[in-house]
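Residue numbers (my numbering), protein chains in the order written: chain A, 2 to 280; chain B, 2 to 280; chain C, 2 to 280; chain D, 2 to 280.
Watch out, some of these pointers could steer you wrong.
20 Å max Cα-Cα, derived EDC-like pairs, lysine to aspartate or glutamate [as the list claims (entries may be wrong)]:
(1) C/165 to D/106
(2) C/198 to C/135
(3) C/165 to C/13
(4) D/165 to C/106
(5) D/165 to D/12
(6) A/198 to A/243
(7) B/165 to A/241
(8) A/165 to B/106
(9) D/93 to D/118
(10) D/93 to D/135
(11) A/93 to A/118
(12) B/93 to B/115
Read the hints as simulated data drawn from the structure, not as lab findings.
There are 4 protein chains.
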Amino acid sequence: MMIVMKPSATEDEIQAVVTRIEDAGARAHPVNFALIAGPCTVESRDQVLTTADAVNAAGATMFRGGAYKPRTSPYAFQGLGVEGLRLLAEAKERTGLPIVTELMDARDLPAVLEVADVIQIGARNMQNYSLLSEVGRSGCAVLIKRGLSSTLEELLMAAEYVLKEGNENVLLCERGIRTFETAYRFTLDLTAVPVLKELTHLPVIVDPSHAAGRRALVEPLSLAAAAVGADGIIVEVHPEPDEAICDGPQQLRTDAFADYAARVEQAAAVAGKILHAAV
Amino acid sequence: MMIVMKPSATEDEIQAVVTRIEDAGARAHPVNFALIAGPCTVESRDQVLTTADAVNAAGATMFRGGAYKPRTSPYAFQGLGVEGLRLLAEAKERTGLPIVTELMDARDLPAVLEVADVIQIGARNMQNYSLLSEVGRSGCAVLIKRGLSSTLEELLMAAEYVLKEGNENVLLCERGIRTFETAYRFTLDLTAVPVLKELTHLPVIVDPSHAAGRRALVEPLSLAAAAVGADGIIVEVHPEPDEAICDGPQQLRTDAFADYAARVEQAAAVAGKILHAAV
Amino acid sequence: MMIVMKPSATEDEIQAVVTRIEDAGARAHPVNFALIAGPCTVESRDQVLTTADAVNAAGATMFRGGAYKPRTSPYAFQGLGVEGLRLLAEAKERTGLPIVTELMDARDLPAVLEVADVIQIGARNMQNYSLLSEVGRSGCAVLIKRGLSSTLEELLMAAEYVLKEGNENVLLCERGIRTFETAYRFTLDLTAVPVLKELTHLPVIVDPSHAAGRRALVEPLSLAAAAVGADGIIVEVHPEPDEAICDGPQQLRTDAFADYAARVEQAAAVAGKILHAAV
Amino acid sequence: MMIVMKPSATEDEIQAVVTRIEDAGARAHPVNFALIAGPCTVESRDQVLTTADAVNAAGATMFRGGAYKPRTSPYAFQGLGVEGLRLLAEAKERTGLPIVTELMDARDLPAVLEVADVIQIGARNMQNYSLLSEVGRSGCAVLIKRGLSSTLEELLMAAEYVLKEGNENVLLCERGIRTFETAYRFTLDLTAVPVLKELTHLPVIVDPSHAAGRRALVEPLSLAAAAVGADGIIVEVHPEPDEAICDGPQQLRTDAFADYAARVEQAAAVAGKILHAAV
């Protein structure tokens with residue numbers, strides 16, 4: 002394992018990181034493969050519970066859903082907030098699935114901590130160092146999405162802001178980078194997966210939904226992500242994507258999810274991964 | 002003037018923005034050309050005052066300096082914080098130059114507001130929407146740096162988060178984008194200047210220092226920025242760049258600044274701009 | 002199937018293309034999965050025959066090797082030329098494997114046609130329209146590599162230069178694009194595979210070797226390429242990569258190739274592809 | 002001056018290049034600033050002669066026009082060919098302006114040499130090494146356009162293919178690179194100009210027309226190119242752009258060219274360049 006650190010780090014700082022990481026590795030359970038599924042945004046009780054039941058029945062291992070939504074335009078829907086968190090708690094109680102949900106503002110941290118098992122830091126906030134440090138101090142597991150044009154070194158350094166606070170429960174997430182190609186929303190960079198796994202012991206998750214931008218591409222990209230050796234997939238699922246408040250075109254349908262999950266499991270097996278409780 | 006808005010905006014929302022912008026335009030003083038100069042980071046009383054005196058004598062129209070520094074690595078110098086703000090206040094009192102300084106965390110806003118005439122939002126925080134909204138509500142002028150791979154539409158939408166709070170004192174800043182070329186740190190995108198000026202009435206500033214990454218490129222890029230029609234330049238200057246805590250190689254020397262400023266003034270004149278009190 | 006054509010095409014031209022493609026589709030054999038393997042460059046009789054025997058025994062379906070090499074520097078090894086073609090002919094006679102080899106200059110076409118079953122047009126020549134037209138007129142099958150920063154539309158238009166001459170035996174090849182990320186040589190764009198397959202009936206091949214630039218990444222990227230739905234893989238194999246004249250670090254070892262081929266076959270199966278005589 | 006060469010070059014090869022470049026430098030006339038203007042494509046006798054007269058009267062120092070046009074689609078207009086060359090010869094005889102015109106296929110070289118003073122190698126052919134070598138052997142001056150995503154090192158290596166044949170009359174041309182930004186056709190990379198001038202003695206020209214893609218951006222980008230220190234500008238001019246066969250929206254009008262030329266001259270002066278007979 003190679004550790005990427007800035008030249009300004011002292012020998013002592015470097016050694017401390019090495020020790021911390023090695024300890025963490027020794028304590029870690031064998032990581033297999035996580036299938037994290039759920040709607041882009043929490044919209045209503047019915048939508049959340051229907052989706053949670055469906056993905057739970059189909060073998061998802063965590064439930065995702067956004068209560069706070071970072072939107073390019075200030076005039077777009079910004080999420081249900083606290084009410085959304087409450088619905089996620091209900092889904093968790095009902096299905097037993099751990100919850101992954103995004104935090105954008107440190108002032109919402111106490112409310113988010115009441116329900117989240119994994120706090121998601123979105124691509125736009127990957128270098129919001131105040132937020133990363135706060136989440137680090139909370140001790141809660143953190144899934145950090147790679148920024149649209151962040152290098153792997155910058156992603157690892159963002160993770161360092163959490164690790165530095167003594168919080169080793171960090172997952173990295175590739176979700177597509179910005180390139181010249183305009184035929185799709187983002188270019189999913191699957192080379193990042195094996196390269197990150199050479200550079201760090203942290204699990205590497207892939208988000209095919211945001212990269213693809215449309216449903217037809219989600220399954221092939223998921224199979225590729227599983228075959229390339231990712232430790233999990235985080236994917237958007239909705240009971241009625243055409244009615245979704247945001248990102249409808251890229252959300253899988255709940256009624257197609259079981260078939261999808263079965264194929265992802267097959268692809269993961271090619272890379273020596275087993276789909277069941279992970280991370 | 003064309004206004005870029007997301008499809009989800011209602012007619013009323015669009016009209017409100019149009020009206021607000023037109024009013025602002027009517028009230029605005031004629032914008033000419035701003036030369037904003039100062040060190041990357043506030044390091045010491047001597048460094049700040051020496052630089053402030055030098056750039057003031059050479060005709061700079063604002064003074065810049067960072068008290069809070071966003072650093073890729075958590076182990077790098079993070080800025081002097083409140084002590085840095087105090088030194089900026091002293092430089093302001095001494096020279097009369099308005100102060101531009103960066104804010105990274107909303108909790109530091111009250112302290113920053115005591116000295117800043119323009120609050121800088123850095124490239125990494127361009128889509129930190131909580132921070133943009135807070136700064137919007139403060140009423141203070143805001144300089145928003147374009148993210149490393151942000152489109153012009155995303156930059157304008159970031160500005161909307163400030164404008165939406167009734168704060169029209171927004172300056173946009175091009176500071177280099179990330180491309181495939183590795184022969185220099187970033188690729189300064191000067192096409193953004195005339196295109197932004199077609200899309201918005203907001204002033205457009207160029208930061209040649211961060212794009213270039215080394216001193217020899219700063220002057221040619223500054224002349225180009227002035228000639229392309231920018232409303233100002235924000236540039237790093239240090240009395241002893243080789244001793245600087247960060248970004249030394251890209252900072253101009255105080256003793257070369259007067260010649261530099263004279264040439265920038267010439268280039269701005271080609272584009273019909275006059276270098277004196279602006280914005 | 003959607004066909005991408007420029008607005009300047011007349012209705013008649015469009016209809017002619019549609020008809021030609023539909024006819025081709027009707028005549029085509031079911032396409033499965035091709036595993037095209039061999040050294041980057043033809044270096045010696047021993048190297049070529051050893052590699053050909055090894056990949057043939059391990060189930061490769063075509064043999065690749067460069068006699069003419071496009072090199073960034075004019076001072077780098079430029080390939081064995083006609084002597085290289087002779088060695089490829091010997092490998093073909095011995096193993097029965099069809100030959101894929103690159104053409105850079107139309108004046109070498111007659112010599113290349115004597116041995117090539119598929120002529121490769123490299124990424125640098127993807128928009129060398131004179132060369133594409135010549136190869137089109139030859140009637141020989143053509144594998145066109147996507148340029149480093151070519152859009153899918155430009156790749157399809159390059160294919161049109163061949164198709165326009167009445168030659169429908171065209172294979173498209175994704176081989177990595179240029180992005181901001183410098184942690185690896187190129188960014189393999191696997192989203193291109195399902196998107197190209199929506200846009201055209203032409204087979205889509207993936208080259209993981211050039212994208213990765215080093216051996217450890219070739220297998221995970223190959224598995225991903227197979228799982229995403231590619232119609233084949235073109236991969237570099239060498240008996241002694243450390244002694245290779247060029248691209249040694251990215252070439253697989255002949256003695257590891259059989260295991261590699263078996264895993265690729267598994268991954269292709271997940272996407273419903275069968276590895277045996279294809280194209 | 003630093004020379005970029007591949008590791009595979011021997012000491013002798015490196016020394017030979019150094020000597021050749023130094024000799025060339027010693028012999029060279031002082032290079033000032035070239036204004037190369039003319040239509041994208043040669044369309045008709047009237048169009049060519051009208052434009053040539055206009056740009057000549059306004060102080061252009063060379064005339065450009067394409068007889069062979071590389072087009073993305075095989076169904077688009079491909080240029081007048083030999084007839085186009087004949088019209089360029091007439092323009093040259095009439096105005097005395099040297100001619101810059103593109104070569105795409107080595108077989109057209111003899112015909113092009115009869116009229117061209119500078120042969121243009123387009124961005125798509127920047128790594129067409131056969132073509133570069135042929136042009137190198139011809140001894141004619143060569144303007145090499147940077148590929149859409151070529152690094153400066155690759156551009157310099159393309160120039161080496163010409164220099165290696167003993168032909169030192171090479172001009173480099175920045176014409177915009179491909180980035181994530183879609184608000185304009187290409188991103189003009191003006192940082193390339195001062196960086197290339199550190200790396201090589203070869204003149205560096207800028208093409209603002211192809212980068213911008215529309216007329217309103219051509220003048221600001223031209224002023225920036227002149228101010229950044231370019232050795233010249235190559236720009237498209239047409240008597241009736243709305244009627245142009247290709248690239249109409251980006252061509253300047255002949256009747257606005259004199260004003261444009263005057264402003265470019267001013268901007269060049271800021272960088273210490275004088276607009277008159279150059280190269």
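Structure-based check of all given hints:
Distance hint between residue 165 of chain C and residue 106 of chain D is fulfilled; the C-alpha atoms sit about 19 Å from each other, no more than 20 Å. Restraint check for residue 198 of chain C and residue 135 of chain C: not satisfied, since their Cα atoms lie roughly 26 Å apart, outside the 20 Å limit. For the suggested pair residue 165 of chain C and residue 13 of chain C, the alpha carbons sit about 13 Å apart, so the restraint of at most 20 Å is met. For the hint linking residue 165 of chain D to residue 106 of chain C, the alpha-carbon distance of about 19 Å falls within 20 Å, and the restraint holds.
Between residue 165 of chain D and residue 12 of chain D the alpha-carbon distance is near 15 Å, which keeps this suggested pair within the 20 Å criterion. For the given pair, residue 198 of chain A sits about 37 Å from residue 243 of chain A by alpha-carbon distance, which is inconsistent with the 20 Å threshold. Distance check on the hinted pair: residue 165 of chain B and residue 241 of chain A sit about 32 Å apart at the alpha-carbon level, beyond 20 Å; violated. At roughly 19 Å between alpha-carbon atoms, residue 165 of chain A and residue 106 of chain B fall within 20 Å of each other, so this suggested pair holds.
For the suggested pair residue 93 of chain D and residue 118 of chain D, the alpha carbons sit about 10 Å apart, so the restraint of at most 20 Å is met. Among the hinted pairs, residue 93 of chain D with residue 135 of chain D is inconsistent with the structure: their alpha-carbon atoms are about 24 Å apart, more than 20 Å. Note on residue 93 of chain A and residue 118 of chain A: the hinted pairing holds, with a Cα-Cα distance of about 10 Å set against a maximum of 20 Å. For the suggested pair residue 93 of chain B and residue 115 of chain B, the alpha carbons sit about 12 Å apart, so the restraint of at most 20 Å is met.
Hints 2, 6, 7, 10, counting from the list given before, are not met by this structure.
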